Amino acid sequence: MFNEIADFLYRFALCFVPLFAAVDAVGLLPLFLSLTEGLTPTVKQRVLWQMVLTASSVVIVFVVVGQVVLQFLGITIADFMVAGGTMLFIVAMNDLFATDKGRPHLDAESLGAVPLGVPLTVGPAVLTTVLLLANQYGKLPALSAALANVVLAAALFSVAARIERFLGRDGVRTMSKIASLLMASIAVMMIRKGILGILHDAHVL
Numbered sequence: 009m010f011n012e013i014a015d016f017l018y019r020f021a022l023c024f025v026p027l028f029a030a031v032d033a034v035g036l037l038p039l040f041l042s043l044t045e046g047l048t049p050t051v052k053q054r055v056l057w058q059m060v061l062t063a064s065s066v067v068i069v070f071v072v073v074g075q076v077v078l079q080f081l082g083i084t085i086a087d088f089m090v091a092g093g094t095m096l097f098i099v100a101m102n103d104l105f106a107t108d109k110g111r112p113h114l115d116a117e118s119l120g121a122v123p124l125g126v127p128l129t130v131g132p133a134v135l136t137t138v139l140l141l142a143n144q145y146g147k148l149p150a151l152s153a154a155l156a157n158v159v160l161a162a163a164l165f166s167v168a169a170r171i172e173r174f175l176g177r178d179g180v181r182t183m184s185k186i187a188s189l190l191m192a193s194i195a196v197m198m199i200r201k202g203i204l205g206i207l208h209d210a211h212v213l
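Last residue of the sequence shown? That's 213 in the numbering used here, and every number before it is there in order.
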């Protein structure tokens, strides 16, 4: 029994580290501040719960039936990258070029699901990583490590208000613009890798 637990914890650790890098909760903190700027603490808390539920649900479904469904539909991870990257790019551009007067805000009712839950917290990189780890170390360790990282990201986001108070309103707005530029860069990277993956699969490269 002890050996089984030790083996599980070992495989969990092997899965947790690469997934921690893939989720990049620390890097997402400025994006969370940007997307939730102006929301009340109560609404932010609801957004966090929605993010956890959405991200966790996507991970669970993807680990259990993801590979079969993708193969059946003919969808590749590269396709996921292009679609997710395009979505992120549109959100980033809207925020980057909007003025305070006419600045569009994402609907708080769905903000936790899209884009916070998917594709920011759980995007193509995380789904690809968890699928590979599930094949290598087993579905349970990979799934547990992925869910642990989602909860860890939510815990970090929950202290974002303290950071916001420390930086001040102008500081947060400056960070918001920088975060939007970072989000656009991440989106371009996802699209680029997705296109390269599609070309590679088509034996063009």
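Simulated from the structure, these hints should not be mistaken for laboratory data.
Possibly wrong hints are sitting among the right ones.
List time: in silico DSSO-like cross-link candidates among lysine-lysine, alpha-carbon distance up to 27 Å [what the hints assert, rightly or not]:
(1) Lys201 x Lys147
(2) Lys185 x Lys201
(3) Lys52 x Lys185
Derived CB-CB ranges, DEER-like [what the hints assert, rightly or not]:
(4) Val25 x Val72: 19 to 27 Å
(5) Leu175 x Asp15: 40 to 48 Å
(6) Ala91 x Leu148: 23 to 31 Å
(7) Leu207 x Val51: 40 to 48 Å
(8) Asn102 x Leu175: 20 to 28 Å
(9) Phe10 x Val77: 16 to 24 Å
(10) Gln79 x Asn102: 45 to 53 Å
(11) His208 x Leu47: 36 to 44 Å
(12) Gly46 x Ser193: 41 to 49 Å
(13) Ser118 x Phe16: 19 to 27 Å
(14) Ala21 x Leu164: 41 to 49 Å
(15) Val212 x Asp15: 13 to 21 Å
Remember, predicted model here, so these are calculated numbers, not experimental data.
Glycine included, each C-beta is placed from N, C-alpha and C at the ideal position.
_Hint numbers contradicted by this structure_ = Those not satisfied are hints 9, 10, 12, 13, 14 and 15.
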